[in-house]
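*Asks:* Can you join these two chains into the complex? Each is in its own frame, and there are hints to help.
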Amino acid sequence: MATKVWFYAGIAVLILLAASSVLAPLLAPHDPLLQSLDQDLLAYSSDHPLGTDKLGRDILSRTMYGGQISLLTGIATVLISLAIGITAGSLSGYFGGWFDLLLMRLVDILMAFPGILLAIAITAVLGPGLNHVILALCLIGWTGYARLVRGEILSLREREFVQAARGLGAPPWRIITRHLIPNLLPPLLIQATFGLAAAIVAEGSLSFLGLGVEPPTPSWGSMLNDGRQFLLVAPHLTTYPGLALMFTVLALNIVGDTLQERLTGRK
Amino acid sequence: MKQFLLRRLLLLVPTLLGAVSLVFVLIHLIPGDPVEVMLGETATAADKEALRQSLGFDRPLATQYRSFLVNLAAGDLGRSLYEPASVVQIIRARLPATLQLALCAMIAATLISFPLATMAAIRPGGWIDRSALTFSLLGLSLPNFWLGPLLMIVFSIHLGWTPVSGRGGLTHLFLPAVTLGLGMAAILVRILRASLLQVIHQDYVQTARAKGLQESRVWLKHVLRNAMLSVITIMSLQFGGLLAGSLITETIFSWPGIGRLTVQAIQTRDYPLVQGCVLVIATSYVLVNFITDLLYKLVDPRISYGD
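Line order of the protein sequences matches chains A and B.
The first sequence runs 1 to 267 under the numbering used here.
The second sequence runs 1 to 307 under the numbering used here.
Chain B extracted, bound-state conformation (with noise of 0.2 Å):
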């Protein structure tokens, strides 16, 4: 295990620089004078001298790559242009709303996938399976642009029965949940009916029932539990999507966190702050992808990556 870990954390390492050297990169692919851009073309001469050396675009491009890995490393992601507050402030006060909002939805997709996808994999060729694989064909051809505005026709203009937008109770919370979720449990239903079907089929679930175990037992002791590492995968996978689909569903339904918080930063050219949100986005989807790794060993102990 200790073997398995160090090569995992070792290959983690060039992903995290590959991916904070992008970023790095980003600010520098802006055509033109990036300040100018940043700043407008009514800006001073002065402004525009003082913010280039703030952002360190006066000095050669290695130099600043290397106090960019060394500012990163002490936790320093530069500061905003608009807002007296650094981007790590900024950002901190914004990731809870996100998280919340991310978690939300990945109940929300388990809460509809599972019971749909069990169901259907115990009758398969029935209606319920033919619903199901209709539901799930349909969540994925939804984009949330659409899903989110249109639930909050159904929802919130006709029903009255949750507000439009913004964050509060958990009326709040069920429709960005719901429009930010749909697509994961439309992935999940498909394939964790799939993983079902198979494991159905296996030695060990005809001798549970062989001995006479009740036919509940034998789902959940048997068939769902192992069953469930493919759905891992999946599961760990659209968390880091449900991060960046936070961008638009935060914006349709004004959820203050950091998908929105981005798009606003992108829309006022706040490029230090737009630099700060996708490194944080996409570090989490790095690391959560790594603890997935993790995790498969300790759901199931049969898989040795060789060590």
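Next up, chain A with everything else stripped away, as it sits in the complex (with noise of 0.2 Å):
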């Protein structure tokens, strides 16, 4: 009963978040590009319900604009690398042979990076943006999707149902997408939830570091980052777009940790 409440409550908290970043445009009291030097950094007023930061600029309507950034990184970064995993994990696991062996090499090497470091070091070179940004997370991100289906692959591939679908002359292709990828939806479906909370934080690391969107784009990360040299004398700046971060991930663990409880049976 507890869990059922827990997971409707973080899928409550998702709609919400998602909601006031998408409809930002609508929602948001103040452009979140506006600056107003003569109102810097103040802590609340009936204009500016989360205050403002060092430029005048409104805290909560970049709050919800930031949220764009997180949830389009983070979603973005799931769908490609669960189609780069799915393709490459299950081509590996039905053929085999020295597109197995070379495939699970490259993964070792990549998995033996620490993710966010290999993350890092690849936007540090490629530059800021958000594409780059994608596409460092996509690069760590398929190797977990590969592996998983590749697996699971290895262990269905002799099962009776595929057997007779071979035995009824249905193609490779068809028995890897009719056949086996359906079995794996429910593992894929825990491990993208939680790979969408992962994204999520290493976006904000890679904005916290100045690694990620540029400014003025507000993002959860770099308005962290911007907060802390004002710690002292306005801590709401780290307060709120901290909160939201805490809430979004917080929510997704605990979907995907229900998820994990319900579709496998393990806690």
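A few of these clues could be false.
[Unchecked claim] Lysine to any residue pairs mimicking SDA-like chemistry, simulated, CA-CA at most 20 Å apart: (1) Lys4/A to Asp203/B; (2) Lys221/B to Leu237/B; (3) Lys4/A to Gly125/B; (4) Lys4/A to Asp129/B; (5) Lys4/A to Ser131/B.
These are calculated hints, taken from the structure and not from any lab test.
*Replies:* Following this line, the structure appears as structure tokens:
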């Protein structure tokens, strides 16, 4: 019962955050880039419910728009990584041979790096920007899905229903797409949920280090970095983007945990 | 054991070579002319040419790769673009600070997680158990680039208990170690609790109780010891993660380690230094994982790896 409540609370938080980000152009009280230097570092006012930053920009509007970057990076990273991981993993698992050997060595090497370090190194040489962040996160993100899909296909490919399909003359691509992948959806969904949380945190880390989206575009990570210099006089600069980030990741972790419990019976 | 060691060492070679090659490729991914990116558009043609030659960019890629490997084998990672020292010297000066921080973070994580997970496992479903799981979920969801400033606001600014930043005595270590270690503590609580709950129902635990052993001895000698295996994996994997996480934590607390050095090198576009730092962190990560495999065998002699 308690799990159910947490699950729905997690979903509700995600819907709320996604809606406030997507509908930011309609709901945000101010332009997130609009500077009013005479209203800098305000803690609270009726016009700026969450205060303003060092350039007098509205924190509420920037936090709402910042969610767009997190959401966009997270979803794009997960979808692209899934596409690469499923394709590579199923070819590797179904056909085996030299492709499997090469691919798994590549996965081993990429996984031998701490993911965030590789992402930081890649964005450091390519330069900041949303596309580079997504590219860097996909380069490390696909490996987990590829390994999962390969492992599951290895255990499924000799099962009776696959042999039956093969016996009926179904070509490999049909067996993979119609018979094998549908069986992998539950574990993939769980991994994608945690992957989304990881990608959002990674984007935040990169933006925090100045390697994410370029200013003045608001992102939670870069807002936290900007606010760090004003901890003493204006702690609210770091509070709200931090809370938004934490609630997003928390909600995704709760949903992921519940899905794992329900779909695999594992806690 | 010999055969096992040899096999693990043979597997280590391609992984390390792969990591090294990736680091080599990195600098060649710089869009446009890497020399111009490093020196800026205003640099003179003579300066650019000099740097191009010193980095070996005027030679074919295969030759560059060969000399990169040869230099690496000799312990030479090149020179920093801005500091009058070799990359190895600079990294060597900063490495102790990072190791100190990572080790303290690990100790902090252990001190938080072991008592919490044990108390949670003694009464599963009780309030301590529920609090432990909530702590774990929160710890996993708090990114260290927010946790750091948050702790700073509370402990340094409001309470004045710890210095805001820098390296010095134990008080300087407290906040960075907790920031870096909390994520690890959160994972450890989950894994250790699950492991303990699994071990607790084993026959040998029942036997230990049946023969009248004190409950504390049952836990220490039979339950905790057997639950350690999965914890060791996570701890070693996380230790590598701590090294990578040090990039952010060290930046927040101005901790003079290799993480902050990497970020500074990225900001000043000192790519040979970036390359060196990434290589050192990645190699440490690979080696720590390798050592874990060896540790397994010591902790649990039943593991055979088929040899």
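*Asks:* Against each hint, give a clear statement of whether it holds in the structure.
*Replies:* Quick rundown of the hints versus the structure:
| no. | hint | in the structure |
| --- | --- | --- |
| 1 | Lys4/A to Asp203/B | violated (34 Å) |
| 2 | Lys221/B to Leu237/B | violated (25 Å) |
| 3 | Lys4/A to Gly125/B | holds (16 Å) |
| 4 | Lys4/A to Asp129/B | holds (18 Å) |
| 5 | Lys4/A to Ser131/B | holds (18 Å) |
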